[in-house]
Amino acid sequence: MSPLPDLVCPAGSLPALKAAVDNGADAVYLGYKNDTNARNFAGLNFDAKAMAEGIRYAQAKGREVLMAINTFPQAGRSADWHKAVDGAVDQGVDAIILADIGLLDYARNKHPQQRLHLSVQGSATSYEAINFCQREFGVHRAVLPRVLTLAQVEHVIKNTTVEIEVFGFGSLCVMNEGRCWLSSYACGESPNTVGACSPAKYVKWDKKPGTMETRLNGILIDRFGDDEPAGYPTLCKGRFEVQGETYYALEEPTSLNVLELLPEIIKIGVKAIKVEGRQRSPTYVAQVTRTLRAALDSLRNGSERFHVKPAWQAELAKVSEGSQATLGAYNRPWR
Amino acid sequence: MSAQFTIPKFKLPGFIASIGQKLPQWPHALALVAGLNAALKMKLLPESELDALADKLFRVRILDTGGEATYTYRNGLFRPVFRPEREPDLAFAANLSAYLQMLARQEDPDTLFFNRELEITGDTELGLIVKNMLDAIEWPQLSAKLPLLRH
Ligand code: SF4
Numbered sequence: 001m002s003p004l005p006d007l008v009c010p011a012g013s014l015p016a017l018k019a020a021v022d023n024g025a026d027a028v029y030l031g032y033k034n035d036t037n038a039r040n041f042a043g044l045n046f047d048a049k050a051m052a053e054g055i056r057y058a059q060a061k062g063r064e065v066l067m068a069i070n071t072f073p074q075a076g077r078s079a080d081w082h083k084a085v086d087g088a089v090d091q092g093v094d095a096i097i098l099a100d101i102g103l104l105d106y107a108r109n110k111h112p113q114q115r116l117h118l119s120v121q122g123s124a125t126s127y128e129a130i131n132f133c134q135r136e137f138g139v140h141r142a143v144l145p146r147v148l149t150l151a152q153v154e155h156v157i158k159n160t161t162v163e164i165e166v167f168g169f170g171s172l173c174v175m176n177e178g179r180c181w182l183s184s185y186a187c188g189e190s191p192n193t194v195g196a197c198s199p200a201k202y203v204k205w206d207k208k209p210g211t212m213e214t215r216l217n218g219i220l221i222d223r224f225g226d227d228e229p230a231g232y233p234t235l236c237k238g239r240f241e242v243q244g245e246t247y248y249a250l251e252e253p254t255s256l257n258v259l260e261l262l263p264e265i266i267k268i269g270v271k272a273i274k275v276e277g278r279q280r281s282p283t284y285v286a287q288v289t290r291t292l293r294a295a296l297d298s299l300r301n302g303s304e305r306f307h308v309k310p311a312w313q314a315e316l317a318k319v320s321e322g323s324q325a326t327l328g329a330y331n332r333p334w335r
Numbered sequence: 001m002s003a004q005f006t007i008p009k010f011k012l013p014g015f016i017a018s019i020g021q022k023l024p025q026w027p028h029a030l031a032l033v034a035g036l037n038a039a040l041k042m043k044l045l046p047e048s049e050l051d052a053l054a055d056k057l058f059r060v061r062i063l064d065t066g067g068e069a070t071y072t073y074r075n076g077l078f079r080p081v082f083r084p085e086r087e088p089d090l091a092f093a094a095n096l097s098a099y100l101q102m103l104a105r106q107e108d109p110d111t112l113f114f115n116r117e118l119e120i121t122g123d124t125e126l127g128l129i130v131k132n133m134l135d136a137i138e139w140p141q142l143s144a145k146l147p148l149l150r151h
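Note that the protein sequences, when read in sequence, are chains W and B. Every letter in the first sequence is one number past the one before it in our numbering, and letter 299, counting from 1, is 299. Every letter in the second sequence is one number past the one before it in our numbering, and letter 36, counting from 1, is 36.
Because the hints were derived from the structure by calculation, they are not lab data. Some clues are possibly wrong.
Beta-carbon label-pair distances, calculated as ranges [said to hold, decoys possible]:
1. P209/W x A31/B: 28 to 34 Å
2. E315/W x R83/B: 42 to 48 Å
3. L30/B x S2/W: 23 to 29 Å
4. G87/W x L30/B: 40 to 46 Å
5. G76/B x R77/W: 44 to 50 Å
6. G35/B x Q74/W: 36 to 42 Å
7. P263/W x G35/B: 43 to 49 Å
List time: in silico DSBU-like cross-link candidates among lysine-lysine, alpha-carbon distance up to 35 Å [what the hints assert, rightly or not]:
8. K43/B x K49/W
9. K208/W x K43/B
10. K9/B x K267/W
11. K110/W x K9/B
12. K201/W x K9/B
13. K9/B x K207/W
14. K271/W x K33/W
15. K33/W x K43/B
16. K33/W x K204/W
17. K318/W x K43/B
18. K9/B x K204/W
19. K83/W x K9/B
20. K56/B x K201/W
21. K204/W x K41/B
22. K41/B x K56/B
23. K204/W x K43/B
24. K41/B x K208/W
25. K43/B x K61/W
Every residue gets a Cβ at the ideal spot worked out from N, C-alpha and C, and that includes glycine.
Turn these sequences into a full structure, and let the hints guide you.
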């Protein structure tokens, strides 16, 4: 039996970080309060003081802190991203998660001792790309985009010595990991330009008797009946009329949930499992971390008797956006 | 955040709401504002974000008790607004149990919102600031005094 993968959990605030650590995360990932990370939402994330406290709290309990600096520097403003990298090193994070090749190069040269992870935004889907990043920038771990089947993940792992991290739970951002411009089409701002998809200032929830409409910069994204679960209005998860039919034309608003696949994920040698959701509250972090911890721990002594407990599924289903869960690309027959 | 103490999802019978609406609204508003100001005094709310709340009008409505409070943030303090002259910038509406579950950090506001148990209307960005601000509060200091919030 391979060793258990690390459980890597999101922290959008200090209480969320503590919730992750207290509920059994092996590592937490977080970002600064600015557009150097892809969850740059109002009121979220860490200033230097909260960061110091968070790092102290996690490391005192033997957990790792991974700092996401995973957006692409804006033209003429590279200095801001360099400052974020220097700050992370100064504060003593265990690793920095980067996507931009220029930044990887900067970090490697300026701080050769610092452990670097390749962000999912870096879109490396092949072992050739990953090995290149290892050779050039000393990348220690790569987070795989959510587009690979398990067999493909296994193929990557077999052909690299770089640690491999995969997504295990959370909302799906399906389009082209980190290169999606749909949000810019609607409102001129996208994850890679301002650090947020569909920023809240463009979002409108319109409650009318019997329905709720959601709009992004005026564009109708979806309409929900009173008993229907609602979702955040990103273009990719909207219902649109196409040739006379109204449906989720781009993607169903489902959540990824790999509980069922855990034994296989462990068997193929995945080093870490990541939970999405730095924009969610400490309560979500606690619920998801606790559940995945219990599932992983039940696999500590082998997978023969592993079964997914209904209580785990219920807990995860409750916090999911949209009411359905999916195994994502992991078990897709086609590629 | 253990399971020792869980708040069930409940809805008070409709007649309570109809009584609630007939009661003066100021006790709710005062209690809420006193709580928020206490949090301010204890420096639990991040100053960097408070500026975004200045002069905004907030309304919290408890559907099953019929209670309602409107307040604003001005010159460093939260203040009740007894006769609001305009629609609030941000309005919350939910049953009492949903608020209690949220305060006790038993349920996530997004979960409640997506499941349609919490209604948020008005300025979405302001809503996000408020949500993230509440999420970032370290409650332990408060919960020691309020048994309801202990977890
Ligand atoms: S529109 Fe959808 S796929 Fe594109 S960045 Fe936003 S969440 Fe991701």
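Now for the hints, and whether the structure bears them out:
Checked against the hint of 28 to 34 Å, the C-beta distance between P209/W and A31/B comes to roughly 31 Å, which is consistent with it. Checked against the hint of 42 to 48 Å, the C-beta distance between E315/W and R83/B comes to roughly 44 Å, which is consistent with it. In this structure, L30/B and S2/W break the distance hint of 23 to 29 Å, their C-beta atoms being roughly 59 Å apart. Taking the beta carbon of each, G87/W and L30/B are about 43 Å apart, inside 40 to 46 Å as hinted.
Remark: the range hint 44 to 50 Å for G76/B to R77/W is contradicted by a beta-carbon distance near 33 Å. At about 41 Å, the CB distance of G35/B to Q74/W agrees with the hint of 36 to 42 Å. Checked against the given bound of 43 to 49 Å, the beta carbons of P263/W and G35/B, roughly 48 Å apart, stay inside it. Distance restraint check for K43/B and K49/W: the Cα-Cα separation of roughly 14 Å lies within the 35 Å cut-off, and the hinted pair is therefore satisfied.
Our distance criterion of 35 Å between C-alpha atoms is broken by K208/W and K43/B, whose separation comes to about 38 Å. Of the supplied pair hints, the one linking K9/B and K267/W is violated, its CA atoms being roughly 40 Å apart against a limit of 35 Å. About 54 Å separates the Cα atoms of K110/W and K9/B, which puts this hinted pair outside 35 Å; it is violated. For the hint pairing K201/W with K9/B, the CA-to-CA distance comes to about 31 Å; that is within 35 Å, so the pair holds.
Among the hinted pairs, K9/B with K207/W is consistent with the structure: their alpha-carbon atoms are about 23 Å apart, no more than 35 Å. For a cut-off of 35 Å, the pair hint linking K271/W to K33/W stands: about 28 Å separates their Cα positions. Restraint check: the Cα-Cα separation between K33/W and K43/B comes to about 19 Å, which is no more than 35 Å; the hinted pair holds. Note on K33/W and K204/W: the hinted pairing holds, with a Cα-Cα distance of about 24 Å set against a maximum of 35 Å.
Under the criterion of a C-alpha separation no larger than 35 Å, the hint pairing K318/W with K43/B is consistent with the structure, at around 33 Å. Only pairs whose Cα atoms come within 35 Å are accepted, and K9/B paired with K204/W is accepted, the gap being roughly 27 Å. A threshold of 35 Å between alpha carbons decides the hint, and for K83/W with K9/B the separation of about 47 Å lies outside it, so the pair is violated. A hinted pair counts as satisfied when its Cα atoms are at most 35 Å apart, and K56/B with K201/W qualifies at roughly 15 Å.
The straight-line distance between the Cα atoms of K204/W and K41/B is roughly 33 Å, inside the 35 Å bound, and the hint therefore holds. For the given pair, K41/B sits about 20 Å from K56/B by alpha-carbon distance, which is consistent with the 35 Å threshold. For the hint pairing K204/W with K43/B, the CA-to-CA distance comes to about 31 Å; that is within 35 Å, so the pair holds. Of the pairs offered as hints, the one joining K41/B and K208/W is violated, with about 39 Å between alpha carbons and a cut-off of 35 Å exceeded.
For the given pair, K43/B sits about 27 Å from K61/W by alpha-carbon distance, which is consistent with the 35 Å threshold.
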